[in-house]
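Assemble the whole structure, with the sequences as input and the hints as a guide.
Spelled out, the chains give:
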Amino acid sequence: MKSLAVTVVAAVLLSGCQLNGGKKALPILGERHAITKNVNGSQVTDTVYHTIPPIKYINQYGDSVDNKKLDGNIYVADFFFTTCPSICPIMQRNMLNVYNEFKNTPGFKIISYTIDPQHDSVPVLNKYAEKLGISGNTWWLVQGSKNETYQLAKSYLVSVQEKNPAGEYIHDGYFILIDKQKRIRGTYEGTDPKEVSKLIDDIKILKAEPAVKTQ
Amino acid sequence: MKLKVTACIGSLIVLLSICMFISCQSDEQIEFNRYYSLGNLIYQQHCQNCHGAQGEGLRGLIPPLNDPAFLKANKTNLACLVKNGLTGKITVNGKSFEGEMLPVDLPSVEIAEVLTYINNSFGNKTREVTTRQVELDLKTCR
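Residue numbers (my numbering), protein chains in the order written: chain Y, 9 to 223; chain L, 83 to 224.
Among the hints, a few may not be true.
Residues of chain Y clear of chain L, computed beta-carbon distances all greater than 10 Å [stated by the list, open to error]: (1) A33; (2) L37; (3) Q51; (4) P62; (5) K64; (6) V73; (7) N75; (8) K76; (9) T113; (10) T157; (11) Q189; (12) E197; (13) K206; (14) K212.
Listed next, with one range per pair, are the computed distances between beta-carbon atoms [unchecked claim]: (15) Y:E109 with L:S119: 31 to 37 Å; (16) L:L184 with Y:Q169: 16 to 22 Å; (17) L:Q136 with Y:I36: 37 to 43 Å; (18) Y:K111 with L:P150: 29 to 35 Å; (19) Y:N75 with L:P150: 49 to 55 Å; (20) Y:K111 with L:L123: 33 to 39 Å; (21) L:Q111 with Y:K32: 52 to 58 Å.
Among the chain L residues that face chain Y by a calculated CB cut under 7 Å, a handful are [said to hold, decoys possible]: (22) N131; (23) G142; (24) L143.
These aren't lab readings, by the way, just hints derived from the structure by calculation.
On a predicted model such as this, the values are computed, not experimentally measured, just so you know.
Beta carbons are placed, not taken as given, at the ideal position from N, Cα and C, and that holds for glycine.
In structure tokens, the structure reads:
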């Protein structure tokens, strides 16, 4: 009887190891729908996943950032503003861990969208990046049209709002993981170091994912 | 048997002396501990987001709170910095910082508690900051 219990426990433990260790795949988040198309005379049904729409932004070096520049990269996105007194410093502290882990990894980027582009001009973003101690082209702080950014946030499943009567911006502190096909593969509370550690693990899983043909 | 009795008496003596030591803690020490503990909670609520759990600040953006020279030089001004916020250039640990710290509207007793915590954490070691001292300092804000 005892040996049976040991066997059961061992089996459970082993299967647990397998789930965590081997081929764990990240989910694909957001809305999806099926399309049926005619390929070489036969009907093929395929799933179309939610993707991040084309973007047009300027980074802290004054360079344009669009979908083409992001092609072939996986990236982490978040929304912030440089004068944010509440959650941003914690988010930046945690994002620095992600940056330090992957700053020399080709094909990886971090995109931080400012939700206050009027104040956060390119020179302001440049100075902020310098003070944050980031350089090179791994972490881009980008600014663009405010309306576009607020719309874009929705497609990242993030909530941002205009200034409230007290003059504060309310925004989510989520870090969003995007794959090479611009699909959302994970959302992480950027103020929680544990969730950010999970993000770092998930980036490694995503990097190891075999290349798929783009839709 | 004898050994057991000796051990028993021994531990009793140790226990007694611990009790005596605790009850002998001065009122000042108890008051300090109270300020420090409450100050820790206020720090977590109002300061930690920016200045960090270890008072480490954030790179070149937010100054750390572990510069004894700064704390000493601004000793009578610290309460004003908390209450009224701060803009402009400051030098901490030999590094220059420029930004804005928003005012934190706390009653004097809570300012005293959080300053007691900061002045005795992160490697800093000074005496308790009293509520009376905070009230005096707030009258002469620069």
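Next item on the list: Closer than 7 Å between Cβ atoms is the bar; does L:G142 clear it against chain Y? Give me holds or violated.
Entry: The hint holds - L:G142 has a Cβ within 7 Å of chain Y, the shortest such distance being about 3 Å.
Next item on the list: With 10 Å as the threshold, tell me whether Y:K76 passes as away from chain L on beta-carbon distances.
Entry: 31 Å, holds
Next item on the list: Report holds if the minimum CB distance from Y:V73 to chain L is greater than 10 Å, and violated otherwise.
Entry: Y:V73 is indeed farther than 10 Å from all Cβ atoms of chain L, at 22 Å.
Notebook entry, point to check: With d taken as the least Cβ-Cβ distance between Y:T157 and chain L, does d exceed 10 Å?
Noted result: With a cut-off of 10 Å, Y:T157 remains clear of chain L, as the shortest Cβ separation is near 22 Å.
Check: Lying within 49 to 55 Å: is that true of the beta-carbon distance Y:N75 to L:P150?
Finding: Roughly 51 Å apart at Cβ, these two residues keep to the hinted range, so it holds.
Item checked: Given as non-interface: Y:L37, partner chain L, CB spacing beyond 10 Å -> 28 Å, holds
Check: Cβ-Cβ distance between Y:E109 and L:S119: within 31 to 37 Å?
Finding: Given a distance of about 36 Å, which is inside 31 to 37 Å, the answer is holds.
Next item on the list: For the range 52 to 58 Å, tell me whether the beta carbons of L:Q111 and Y:K32 fit it or not.
Entry: 53 Å, holds
Notebook entry, point to check: Going by Cβ atoms, does Y:N75 stay more than 10 Å from chain L at every point?
Noted result: 30 Å, holds
Next item on the list: Classify the label on Y:K64 as holds or violated, using whether its beta-carbon is more than 10 Å from each beta-carbon of chain L.
Entry: 28 Å, holds
Next item on the list: Report holds if the minimum CB distance from Y:K212 to chain L is greater than 10 Å, and violated otherwise.
Entry: 25 Å, holds
Check: Is the hint on L:N131 kept, meaning its closest Cβ partner in chain Y is under 7 Å away?
Finding: Given a least distance of 6 Å, the restraint on L:N131 holds.
Checked against the numbered hints given earlier, the structure satisfies every one of them.
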